[in-house]
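Participant: Going down the list, the protein sequences come from chains R, E and W. Going by our numbering, the first residue of the first sequence is number 1, and it counts up by one from there. Going by our numbering, the first residue of the second sequence is number 1001, and it counts up by one from there. Going by our numbering, the first residue of the third sequence is number 2001, and it counts up by one from there.
Treat each hint with caution, since some may be false.
What the hints assert, rightly or not - DSS-like, lysine-lysine: derived pairs with alpha carbons at most 27 angstroms apart: (1) E:Lys1229 with R:Lys149; (2) R:Lys84 with E:Lys1059; (3) R:Lys440 with R:Lys378; (4) W:Lys2181 with R:Lys378; (5) R:Lys374 with R:Lys440; (6) E:Lys1059 with E:Lys1229; (7) W:Lys2181 with R:Lys374.
No lab work stands behind these hints: they were computed from the structure.
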Amino acid sequence: MSTRIDPEISPDAGLAAADQAVLEIEDVDIVYRTSGGPLHTVRDVSLRIARGESYGLVGESGSGKTTLARGAVRFLPSNGSVTKGRVRLSGTDLLGASQNEMRKLWGARIGMVHQDPSAAVNPAMRVGNQLDEMGRTHLGMSKAQARVKSLEMLNRVGMPDPEAVVERYAHQLSGGMLQRVLIASALTTDPELLIMDEPTTALDVTTEAVILDLVQELLGSVRHAVLFITHNLGVVARVCDTVGVMYAGEVVEEGPVKTVFKQPLHPYTVGLLGAVPRLTAGKADLELVAIPGFIPRPDALPPGCIFAPRCPMVIDECRAARPQLVDVGPGQRSSCIRWVDVPEEAERPRPVRDTSGESFSGYGRELLEVRDLKKYFKGRGAGKGRSAAVKAVDGISARVTEGFTLGIVGESGCGKTTFIRCVSGLEEPTAGEVLLQGNKLAPSVTDRPYDALKKIQMVFQNPDVSLNPQRTVGDIIARPVQQLGAVPKAEVPQRVAELLQAVHLPQAYAARLPQELSGGEKQRVAIARAFAAEPALVICDEPISSLDVSVQASLLNLLAELQRSAGTSYVFVSHDLAAVRHISDWIAVVYLGRLWEVGPTARIFEPPLHPYTEALLSAIPIADPEIERERVRLTGSVPSAVNIPSGCRFHTRCPRKIGDICEREEPPWRDGKKDHSICCHIPLAELAASQRHALDGMYGSADAVGSAAPAPADTGVGDAEGSSTGSDTGAEVGPDTGAEAGSGRGGS
Amino acid sequence: MLRYLLRRLGLIILTVLAASLIIFAITQFLPGDVARLIVGQFATEQAVENVRVELGLDKPIHIQYLNWLGGFVTGDWGQSLTSRVPVRPLVFDRLWNSSWLAFLALLFYVPLGIFLGVLAALRRDKPSDSVITAFGMTFAGIPEFVTGLVLISVFAFGFKWLPANSSIAPGATFWEALPQLILPAITVSLVSLGYITRMTRASTVKVMDADYTRAAYLKGLPRYQVLLKHVLRNSLLPTVTVIFMGIGWLIGGLIVTEQVFGYPGLGRLIVGAVQKQDLPLIQASSMVVVTVFAISNLIADLLYVVLNPRIRLQ
Amino acid sequence: MDQEQPPPITKPSRFKRAADVWGRVRRHPPTVIGLAIVVFFLLMAVFGPVIAPYKFSDQIATARLQGPSWEHWFGTDQFGRDVMSRLLWGARDIFLVAGFGTALAVLAGATLGLISGYAGRWVDEGVMRFLDVLLSLPPLLLAMVLLGSVGPSRFNIIIVVGVLYVPMVARVVRSVVLDIKTREFVEAAKLRGERGSYIMSREILPNALPALAVESSMRFSYAIFLVASLGFLGLGVQPPAPDWGLMVNEARSWFDQAPWMLFFPAGAIAFLIVGVGFLSDGMRRILWPTGVSE
């Protein structure tokens, strides 16, 4: 145990060789000294990672996963320290090592890849010089040798044109390229331990997929031990062998990825898996399983099991004593004393929504119509009359009918946010019009009458900045009630109370300031504010993406519930296809300021798909390690909206590009079944044929849509939903930019 | 890049023009009649009127402004009302003296300020940081006339090491004048020293917290290498700007310091001119100061662009 | 407008914040020192003339240039005036002149910055270019030339301090407004049809106040610096006023005979400015930790 293990011994020993542990963490406690007293951020954590093993550490924000990793490699802020336990790297004691000894280990035997690649690269130094530092410091190389090594490493991580890249500065490279640079840098010394701390969180889903492919490939070829930190269960399922689930500073469950995902034996793991929206089902079919409450602060831990206050299976014994991790299966450990009783997936109560008792009539009337909306921004630093316009939105038309949700998906920078800001009037569109119930709306929000304002409200992305920090929750909700709702002053408190109740917040919260609320609670206040004056349309701009998974689920449920009871329409914008899938009746896919595919939700998830939609779907990491999916990957990043590619704007990245025609001509709109339309040069039948097998198992479980593969597209969920979203009642979206788009659709 | 340079240059010229308008406008409020001052108390009305016409003071105000500006640009800066000497050589002579002092001060406080700022940042929240920060703030808060007088009483009257009066003789060489320059140079430096120390500390602390600095440490680079290549390269960038922007402070400090030490610089010239309400002298020397200030701001801008790859390579 | 909301639990919450602020002040010695100094001088400004043994202009012909004694704690000057009494009277002067000057700059600057930042476009462009021109003149030079022209009365000094510091305050407020303006609670206010004046005064301004408070305190220390320097140059308040800067200037000629004439006012000036500076820095740490200085 105490002797250093020679890395050359049996290089093929797999993860089974437990005595080959590269990283051993035993009983570690990490404490931060703060002005409010010590914070025990990590408690009694033990884990070991073997050679060639990839260990995924998952947890929500505040679970202590990053602190654990930093503490293990002795890189804590000055007020943090490891107060207990042992950490060994291939036998070398890390906690006893001096700063100088650690410095020799960092980089050489421990590689690190950080969360935000654009911040982790020095902006004032050429990328190549930063890479060379590794070779020069740790491998004793000369400048020239180090450069050769750097180029070799860049080649290995699949960097296009490494010779050019080494001369660049950080701001000249995209996030995906910078993350490749950082991975190359970390791997230069072939370290025993590679720590990746949320390496794809800051990236777009399509870039994330490419980087994860790279990580997977590298892990296959190099026998490092990898500690992979993430909040995303799908990512763990894709790249890890073992998973450890952290909650409030403790590991609550651990085991082989395949086992844990299939049969989790801790209620928290069960909860996390249940909270993720599926690509197979929407709000009509099931409610997400939210975990009530929130993660306790390390200075206010409950007695006994730390998860007890939020646990659906809690019994009195849980609160009595702190449980230990116990072996519950081959390689699997859980800290739940009732692990035997954790139900298997089939037995788990799936909260399928009972729709029989509800009857809301009023669907079908058109609420919002957007005609050929365009928004160009003036280019920066143009000068000399060379006004380069940024075409953020370049001709989007859409319709929303009462009581329905239109989901808009696309990567960051595709124009989806600009589009909804134009609809709400926060930006004035360059061209096009917005009609509400048939009446044309003024382009700017300042010119719209109260009556129109009342009907369109928004829920914003980041609840930390969408609530005025100086106002109490009561004030924040009361103001729109009074301003738009025309409620008599005396009745305002009553109405505020109703709204708080509707978003499931206690009445006492009216007196709180936003800073006294958790992120999810703040977003509930923001939702209550949006609903204050009984709007007809609520525009949700990435409303859940800044929140933790378990909170996301409860907010999606809340939105669905409010829609059912009030008949409100939503425009729901997100980069998260699963969330959009869950909440939307209709979906529009946006890329570079245009729509490429529109249709009822179920249709978007089965062939034929637009190649871009196909790539988006294929990129989503799914929380099921059993799935092997066909990979459709996009190369490069979204082109600048200043120089939009000719012909089909997607041709520069399209994996199904058919030839010159894509570069020359704008593609036509092609109409499929039930108001499903795709804008592509490839005929729908051809697309569908080539995509059938590719989508097998795409969605994680074979029961619903998976069956659509061989059968005609009319079965499965599509049918179930078809009854409620009949062709003349749903929201309809279309580009209306060319004659061909208008001709194909009768409808409203 | 060239276009940027030209644009900045144009902007500077516009700014100086606008400042000239302000100076001209303010000095119109000066009490007293310039023509009367020139010909003296006992001259006839006619004589005053003649001078008035000669100086163009009978013309409308905007013509007067244009005449004055034209004169300034072509080098005709007029005559001092009190000492009856041409203004231009006088101003340049004093500007030369002041720049010696300024140069010496810069040489003292820039390196020292950067050193102390970086040191404080490296020892963040330790006693040495607190001491440096407290001293920096104290220096930045004590007016030059207080520090100057304290220095005089200690080093001139107390130890008798250095002269209290710095009215250097005309034609003295730099080395001859040096002993007389030391105390004023230190005096004028202290405020800026505190300021530079503080700004350098702030920017260095920020860079030390940056992800890329952490990444550099975790690459296992030696501490000095992280510091030189990763931290200072980024943290001194704003400091360069701060140094040149701080020239405005330096000018203010020079005005007071020169007064304390009786140093024959531009600042003292201006104080005297304002006290004696010597209109041409006030106008010309103010314009010179404004131009110097504008040029230093221009240099600050350009250096920032040149040193910052993010902007340079756009 | 929103007082009809019964806020019973709001008050404890705000109290808690105040207590929190005091807790943080207490843990930072420089801030405590700064606060103590400022309070000391403030008391001096309020009660100084009352407790001063003599009037600032009282000349005791028999006691010229006397060193500190029980009779005259800080000695007397060349006219036999009691230095301590003059200091006590002068404290009020410097607080009033620098204080009103700062208040003027803060009021005008905050208004300009708020409007300029919120309105944007040509309003912003115009206001900022104008302020840039004012900034192109070194402050002390501008103050001297202005005062030389309009004459150095107290009122004029206040106006000059105000004019001088408007651009700095306006810039800081504007940058804060530009930041707050894009926050989504402002957009939510627009979406419910609030007027520009409401958004500026009720949504943006309260959030800009911490920054404004820090900036004001810093401006105040600069204002004292400037007023004292002007006094020293003889361009501030004229004799026989007990202006501290002026006292230092007068004392220079008597330095070898009566150094106390110089040390006490010079020390008072230095202490006051440094005290305000420490306090201002402490306020920045507590109220506006993210803000950039200058």
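Participant: Give a verdict on every hint.
Facilitator: For each hint, the structure was consulted:
{"no.": "1", "hint": "E:Lys1229 with R:Lys149", "in the structure": "holds (20 angstroms)"}
{"no.": "2", "hint": "R:Lys84 with E:Lys1059", "in the structure": "violated (88 angstroms)"}
{"no.": "3", "hint": "R:Lys440 with R:Lys378", "in the structure": "holds (26 angstroms)"}
{"no.": "4", "hint": "W:Lys2181 with R:Lys378", "in the structure": "holds (20 angstroms)"}
{"no.": "5", "hint": "R:Lys374 with R:Lys440", "in the structure": "holds (16 angstroms)"}
{"no.": "6", "hint": "E:Lys1059 with E:Lys1229", "in the structure": "violated (63 angstroms)"}
{"no.": "7", "hint": "W:Lys2181 with R:Lys374", "in the structure": "holds (24 angstroms)"}
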